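Chain by chain, the residues:
There are 2 protein chains.
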Amino acid sequence: MKTSIATVSLSGDLRSKLEAIAKAGFDGVEIFENDFLVFDESPRQVGQMVRDHGLEISLFQPFRDFEGMPEPLRSRTFDRAERKFDLMQEMGTDLVLVCSNVSPAALGGLDRAAADFRELGERAARRDLRVGYEALAWGRHINDHRDAWEVVRRADHANVGLILDSFHTLARKIDVNSIRSIPKEKIFIIQLADAPLIDMDLLYWSRHFRNMPGEGDLPVLEFMRAVAATGYDGYLSLEIFNDQFRGGSATAISVDGQRSLLYLGDQVRRTEPDIALPVPEMPPRSGVEGIAFIEFTIDESEAPQFEALIRTLGFRRAARHKTKSVTVFQQGDIRLVINTESRGFANSSYLVHGTSAYAMGLLVDDARATHRRALALGAETFAQPVDEGEIEMPAVHGVGGGIVYFLDRHSDLGSIWDVEFDPVDDLSATSAGLSSIDHIAQTMHYDELLTWLLFYTSLLEAHKTPLVDIIDPSGIVRSQVVENAAGSLRITMNGAENRNTLAGRFIADTFGSGIQHLAFKTDDIFRTADVLAAGGFVSLAISPNYYDDLEARFGLDPHFTERLKAHNILYDKDERGEYFQLYSPTFSGGFFFEIVERRGYRGYGAANAIFRIAALRKFLEPADMPRA
Amino acid sequence: MKTSIATVSLSGDLRSKLEAIAKAGFDGVEIFENDFLVFDESPRQVGQMVRDHGLEISLFQPFRDFEGMPEPLRSRTFDRAERKFDLMQEMGTDLVLVCSNVSPAALGGLDRAAADFRELGERAARRDLRVGYEALAWGRHINDHRDAWEVVRRADHANVGLILDSFHTLARKIDVNSIRSIPKEKIFIIQLADAPLIDMDLLYWSRHFRNMPGEGDLPVLEFMRAVAATGYDGYLSLEIFNDQFRGGSATAISVDGQRSLLYLGDQVRRTEPDIALPVPEMPPRSGVEGIAFIEFTIDESEAPQFEALIRTLGFRRAARHKTKSVTVFQQGDIRLVINTESRGFANSSYLVHGTSAYAMGLLVDDARATHRRALALGAETFAQPVDEGEIEMPAVHGVGGGIVYFLDRHSDLGSIWDVEFDPVDDLSATSAGLSSIDHIAQTMHYDELLTWLLFYTSLLEAHKTPLVDIIDPSGIVRSQVVENAAGSLRITMNGAENRNTLAGRFIADTFGSGIQHLAFKTDDIFRTADVLAAGGFVSLAISPNYYDDLEARFGLDPHFTERLKAHNILYDKDERGEYFQLYSPTFSGGFFFEIVERRGYRGYGAANAIFRIAALRKFLEPADMPRA
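As given, the protein sequences belong to chains A and B, one line each in that order.
Residue numbering for the first sequence follows UniProt numbering, beginning at 1 and increasing consecutively.
Residue numbering for the second sequence follows UniProt numbering, beginning at 1 and increasing consecutively.
Please keep in mind that the hints were generated in silico from the structure rather than gathered at the bench.
Computed from a predicted structure; not experimentally measured.
Glycine is no exception: its CB is placed at the ideal position from the N, C-alpha and C atoms.
Among the hints, a few may not be true.
Said to hold, decoys possible - Mimicking DSSO-like on lysine-lysine, the simulated pairs with C-alpha atoms at most 27 Å apart in a straight line are:
id, chain 1, residue 1, chain 2, residue 2
1, B, 565, A, 84
2, A, 84, B, 618
3, B, 84, A, 573
Unchecked claim - If you want the ones that stay clear, here's a sample from chain B, every Cβ over 12 Å from chain A, calculated:
id, residue
4, 12
5, 41
6, 118
7, 614
Same shape as in the complex, but just chain A (with noise of 0.2 Å):
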């Protein structure tokens, strides 16, 4: 499958660009005509640069305002084409996109333009040049590509093709199912991208909102389903307008771009098996039967102390490695795995001092044709020297540097605990009735939550819910979730904006994005509350103002909320039933865990964040210190 991006999704002068595309792996790229026109080099040069890359050009884009034009307007818009022509065939490419007219001086009529087209594509013809016609969503007179079509097949030049691009096509909500009639020799590319659902200006939202197929919330897969089902098996090849991934990194960008190509085209191949797309094979995503490990590392200084707190949470220690200095603290189903080793990736100094939860073992079908899938996806690969008698637990680096491991029940991944660890017979720890994770939330900046939203959902079988906006006293955080069918598998994702919110301050100041709370679900939060206080457990104290306020808005028996406000348990309640949530101050300043009951509930107390966020920033910044 030949993969290709615009140049103009990316950051940074030509050079870097190309630099970044090639090492993501792509086949080709798109030249933006500006990206050619700022930089400095010939277009023999910049082509012999793009190949040196070893990248083909898949396009020269785009020509505007071509087809329609009244005269003298039409005779000049055709002396323009010959000079983007020779500009072709110096630079060595074959095909240029024209977008549909959105000049005010063109004419309508779609035998008027074919004929333009025809007259092109002669021209075209002359020196084996391609003319590939999108209509735009804002198109003046064209905007749908059923009427580009209909351009093209009445033009009947053999050089003259369709181009299509999802978004145009999406936006507009025309039926995709119009594609599958189309002859596959007549569309000359495919462009892809997708982009959050919010209504507005179709120019604006193209503009400043467009993703990578998958990030967003367009139907993108069937469109190329039904692109696949002509036959095509072209450049698929991204086009993509964001603010974000304009100031983002050229490179991590690219990586994003290849990964949402080859996921889509991995799905395409899975549900329309006769297609002519030749996508590249690889393991299909994996079921995830929950998390299996968190693991920290923490300063041997720190972890007395921080042993303590997951104490007071009822953890008792469990199993000791049998060579490493690694514990492995448990309550029910869930394991911390407490790392104070000075060698090794855990503590190597890329990675900031104090208490991280670095690393988390995810439990799936089948870890190493995990591995092989995020590999084949481009995730970067993780592997530590094992010594003899241990098991090398496949890993790719995740979040902020930190490492997602891959383990199973049927490999030999699955006696990993009894191989390497010697059990441990504590009885010190009450346990607090705590049974398994319910979701871990990481914190990353706002850039980053599109990769690994991807990254995510490309690799195991979840979804993703809707953005929902947190609003923190000092800005917004960004909010989305992935989850899995069985609620198994829970991440939230926070994307910070601005480094005055806590998100941000928890990036900035202390860890670097990764981990920021862990949620362990119980079945009586009353019970585990009791539990908690009973063994000196101290709870981040809510405003008691929330509490009236959520008697008034639910109704509730004060009873009951004088019993919530006692322990400082936060509560939310939709159609489908309950929810309770009780948090630790942070620790080492910025983990911290929470605890959660779900009674039907499935969501994640968003109308509770402020309160929170509220909290643990009256815990970092007490009322009598100096503010800004």
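Given chain A, work out where chain B should sit, using these hints.
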């Protein structure tokens, strides 16, 4: 005139918000319920805290999903209202905002809603409270202030009134004249917000894009004139939801807010002279004849190099300050003041070192009246010790802490050049035909763009042009222009969103926000270019690819294109005329000069911006340098 602002408009906790609001001069504050709920003090203490800041609670808000509920929801809603009434009495406010119901459970019907409000009014009256009804633009049944007013009219209760919000009315393009016939005593409070004109979902627009009156594109003045015509003389209260403001400084946003209301009031007073609204008197907006001078602060060591550069641009030394180390270079009407004093503000420690265009002098109709208006609108005055025989020039702090001086021709300020300076006979430079300052370009964080837009437009007879996005290779720079009708004042303002853009680097690495470049006007760009070249001036090198495209795009004569290319002159053309631009490389890391010729053209060559930026970047980062 009583001004107020909703706590939701600002970032921070309640106490810091109140501090900022009080400091900016507001009389009242709307308590947004969540700001209270996350706060740990009781309602009584919060009320006291507000009053301790010298503020009044203008409104408690919002009370949601009230009218039209079927039983048993209706009873619960009234219970909920009684709880909020308790809270309001504790807090010490008599007015609550009820926004129109958005619940799917709500039933329609004006009479049903009116009956609910009559009952609520009865309950409120028992406690001497008042209820204001506001139509949300996305309310389920009521989304138009005319319907909300009909509900209030039918409720027919002294304690039930209307709340008008400019956003909700103007977003739906409702005729504001419908407000003029509402009895003033039934308008309980006026909420004000503006917004940029972007066609999108109303709720999304409202939640993310609102800004201060005068900062956006809505006809808020027309709205306010209609309100004033009723005889309304109560609070003007800001309710602004804006992602940027939430991440910004509460103090700066509060100052902007107060300024926006005072300016709005002032405009209403001048257009509806018989109003009851007690708007404070201030001098009118000032006409501007032009930019009288730009003052540079320069280290002694860099001064010779800088003076050599401006000499190649055709400036000659024209005057020297009688007592200070300050020199004036002149060409046509352009005065560049070079300040190498080591004492005084120009070189005070809070300005960064190097060369900085830190001050501008505006030639206005009446300098001291302009200064009074600026102070009335909350600007910070600037004064330096004045020696005997010197004239004190009125000034305020401007963008990035730079200084804006005011001069005029009528007062003693008109003779300042003669009084304080000695002429110098300098024959060493040849004039390059530069006649005046065409425009100055100020660069700032995007956060501050609206601040300075409001500053200039509220103070001077000038208007703003629509926002333009400039695609820097590393992100987006938002650009907006303040200009007067004569074209003698033109300030382009560039807001950088991230520090990777060229504008962002200017702010982060060199001067802080301020004047990034100066554009001089010539009547003959080619003659000017010849003189400059003869004097050794090296212009900023533009990519040859630019000229090939230019020729094709505009159908230019190849000889003409060659002349442009030979001098690195950028070119643009629109229906009004032609535009020529020539740039210097950057000086001392960031600042640069531009020379322009206008042949009827009124814009700023936005299409050329990416070429200028790419060329400057190349100048700053030669191709053989390693890249990130």
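Do the hints match the structure? See the list:
1. 565(B) with 84(A): holds, 19 Å
2. 84(A) with 618(B): holds, 25 Å
3. 84(B) with 573(A): Judged against 27 Å, a Cα distance of about 21 Å means the pair holds.
4. 12: violated, 6 Å
5. 41: Non-interface label on residue 41(B) violated, nearest chain A Cβ at 8 Å vs cutoff 12 Å.
6. 118: Holds, because the least Cβ-Cβ distance between residue 118(B) and chain A comes to about 22 Å, which exceeds 12 Å.
7. 614: Not fine: 4 Å to the nearest Cβ puts residue 614(B) too close to chain A.
Hint compliance for this structure: hints 4, 5, 7 are not met, and every other hint is.
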